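Enquirer: Make the full structure from the sequences, and use the hints.
2 protein chains.
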Amino acid sequence: MALIARCYTSGVNLRPNANFCSACGHGVTRRVPPGDSRLRDCCESCGAIHYVNPRPVVGTIPVWGEQVLLCRRAIEPCYGAWTLPAGFMEVGETTAEGACRETAEEALARVELGPLFTLIDVPGVEQVHLFYRARLLDQDFGPGEESLEVKLFAENEIPWEEIGFRTVSTTLRLFFEDRARGSFGTHTRALQPRTPG
Amino acid sequence: MALIARCYTSGVNLRPNANFCSACGHGVTRRVPPGDSRLRDCCESCGAIHYVNPRPVVGTIPVWGEQVLLCRRAIEPCYGAWTLPAGFMEVGETTAEGACRETAEEALARVELGPLFTLIDVPGVEQVHLFYRARLLDQDFGPGEESLEVKLFAENEIPWEEIGFRTVSTTLRLFFEDRARGSFGTHTRALQPRTPG
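Read top to bottom, the protein sequences are chains A and B. The letter at position 44 of the first sequence is residue 44 when you use this note's numbering, and the numbering goes up by one with no holes. Here this note's numbering = 1-based position in the second sequence + 1000.
Derived from the structure by calculation, the hints contain no laboratory data. In this text, all values refer to a predicted model and were calculated from it rather than measured experimentally. For every residue, glycine included, the Cβ atom is placed at its ideal position computed from N, Cα and C. Do not take every clue at face value.
A few chain A residues that face chain B, going by a derived Cβ cut-off under 7 Å, partial list only [what the hints assert, rightly or not]:
| # | residue |
| --- | --- |
| 1 | N53 |
| 2 | G87 |
| 3 | A190 |
| 4 | L191 |
| 5 | Q192 |
Anything over 12 Å on all C-beta distances counts as not near chain B; from chain A, calculated [what the hints assert, rightly or not]:
| # | residue |
| --- | --- |
| 6 | V52 |
| 7 | P54 |
| 8 | P143 |
| 9 | S169 |
Expert: Below is the structure:
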């Protein structure tokens, strides 16, 4: 349980406030710009306003027959925990392309992408997680650089206590519920920060 | 048509490359960090790596009976064009909260939020647009600071040639198609940059 508790620490992966303007190098002031209602990092020298927005995290639910592919993480946060292949979306790609790229990087797996399955807001860490259903094209997969091992699990084999992120356990539960019902939807959820302690 | 063409200019709203480290103020180098495969702005002084990720844009399709609420923009890009209420998601909020906030700010309107309707990737401007269906709670709406006017439109009154963003026209077309069919889904699309000229 220590493993799981660590993964959910609020503040992990939050970006630090800016001290300097990335455009001109001058110090920034944290204030509400005219016409705005929120604190922003403002450069009093060049006038740049440095907005910060939530980041999309994209991944897949790779399926082979009745089994789902999970990866055991070789990096923090959640080193050693199991997860679906997913990661931060990169500029220049679509959510679908990012989900496939993460699946290739973390599980060395090729998939045929299906529909969007979950959109899960995680406001406490300024992220939006998006998981697509996916069909593995073959069993030629394995651990990428960010994974310790990669393995297919039947529903009754899922290591629920060792799943590294609530967005992943939520997505897996919804997936097995929909599969049991014989009808898959697109689900939206919001995860609020856990109370400390 | 000049209006529309201007709105779709690729590069609008793209963030400039960083020249300085926002943490320590030292100059940054654009290089591929060890274990990575992409160019990042790296600080050689404090070691910070400044990742840039696509930004979520969130909005609603506010409906009153058979009519849809549109806003005419009072700001660039697309000054003077019609749009659904939408804008950049802020940190600390969920996609649903952001969609409601934008609807309140741009159209001074209160809505009951429905399901996610479209997820539209716009890789050319590093954005992911998310629109929720919504029901106006009353007719007490009007132009917020970023709108020139706000108005209800029946389907045959939609000013298609003056819609300011392809994500909005795509969302509206899908909305009317689903409504005609009597069944609403969640749709994912990707818009590629238009070829110049």
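Enquirer: Now, for every hint given, state plainly whether the structure supports it.
Expert: Evaluated hints:
Here the hint on N53/A is kept, as its CB sits about 4 Å from the closest CB of chain B, short of 7 Å. Given hint, G87/A at the interface with chain B, is violated; its Cβ is 10 Å from that chain's nearest Cβ, farther than 7 Å. Hint status for A190/A: holds, given a least beta-carbon distance of 4 Å to chain B, under 7 Å. A least Cβ separation of about 9 Å between L191/A and chain B goes past the 7 Å threshold, and the interface hint is therefore violated.
Here the hint on Q192/A is broken, as its CB sits about 9 Å from the closest CB of chain B, past 7 Å. The Cβ of V52/A does not lie farther than 12 Å from every Cβ of chain B; its closest approach is about 6 Å, which violates its non-interface assignment. Annotated as non-interface, P54/A brings its C-beta within 12 Å of a C-beta of chain B; the closest such distance is 5 Å. Separation of P143/A from chain B is adequate, the least Cβ-Cβ distance of about 15 Å exceeding the 12 Å criterion.
Distance to chain B confirms S169/A as a non-interface residue, since its nearest Cβ pair spans about 19 Å, more than 12 Å.
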